[in-house]
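Full structure from sequences and hints, please.
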Amino acid sequence: MIVDIHSPKFLIRLAFLVALLIQFRVYANESVKPNICNSFANGKPKAVLLNSAGHAVSKIDLGNVSIHTSTFDGNFFISNSNYRLIVYPKRLEIREGCSNATCFFKKAAKPRCQGTSEFELSAGINPRNFRPGVFASSLMISFFDPRLINPEAVEIKLLFDEKIVGSLSLPWVEIENSDSLENELRFLSKGSINQIEISVINSGTESVSLMSWQTDPITAPDLLIADASCSGRTLGPKETCRFFLRKTSQGKPQGKVYHWLLPTNFIESSLHLTVIQNTSENPRVSSKFK
-14 MIVDIHSPKF LIRLAFLVAL LIQFRVYANE SVKPNICNSF ANGKPKAVLL
36 NSAGHAVSKI DLGNVSIHTS TFDGNFFISN SNYRLIVYPK RLEIREGCSN
86 ATCFFKKAAK PRCQGTSEFE LSAGINPRNF RPGVFASSLM ISFFDPRLIN
136 PEAVEIKLLF DEKIVGSLSL PWVEIENSDS LENELRFLSK GSINQIEISV
186 INSGTESVSL MSWQTDPITA PDLLIADASC SGRTLGPKET CRFFLRKTSQ
236 GKPQGKVYHW LLPTNFIESS LHLTVIQNTS ENPRVSSKFK
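For what it's worth, this note's numbering labels the leading residue of the sequence shown as -14, then goes sequentially.
Be careful, since some hints might not be right.
Derived lysine-lysine pairs resembling PhoX-like cross-links, with alpha carbons at most 20 Å apart [said to hold, decoys possible]:
no., residue 1, residue 2
1, K223, K273
2, K31, K95
3, K91, K148
4, K232, K175
5, K31, K75
6, K91, K75
7, K148, K44
8, K95, K75
9, K148, K31
10, K241, K175
11, K75, K142
12, K142, K31
13, K142, K44
14, K92, K44
15, K31, K44
16, K142, K29
17, K29, K75
18, K92, K75
19, K92, K31
20, K91, K44
21, K275, K223
22, K91, K31
Calculated from the structure, these hints are not laboratory results.
Next up, the structure:
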């Protein structure tokens, strides 16, 4: 069968098909939009969180946060994908905010729903406040009404949880078997032994380079660190190294507070070791990677 593409009948049918295709594309592009915008139909203040695909979500998910693939601004690992926050009514404002653990940033965007404002939202976490592995933390978002004489936070219904979740792939340096350390320090303080061996472990999921031990000026000279295998080496995940805490004078240590730190190449973080010698001769020890 031969079709005359120049005939009026063919051209009419072609125009009809093109019109149908245009209508279908418009419907496909807008099919999700009414569902989102209908959330604001009752006129009550509320906010909806969308992911980069335009789907409503319940929280911000950073996915796997890694020192190799994630954006780090010096304090926070920032999400690589932006979220959208739709706020109703549009006069309400939100303010960027950071805590010790989390942070979020906003940028005005073209609203897709009538009577609303819309923002690109990115969020981040401070890795110094979380151990490697799965994490979940609160993300406080405050809404303000500029029409008020003294704008204060207003009540608004959030159609999502103010949470930021994900998984951290990071190094983590700590004292191994720290629970038994105070017992050994007790013998050291009584003069029963002259040194104790302490093990350091990288309990994280990434390798880390260790620098040289540093002694805080507050530390009395009668206890010192004699490094055996930690300084200047790289610790892989689950690898350990060891050092000695050594008494330099006979009898009991005379100092009150001893503090050392072992710097690493991980975002200026160090392993801090603190020993406090109290009057009851029961020393207290604490360690922190920060």
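Hints that the structure is at odds with (numbers, increasing): none
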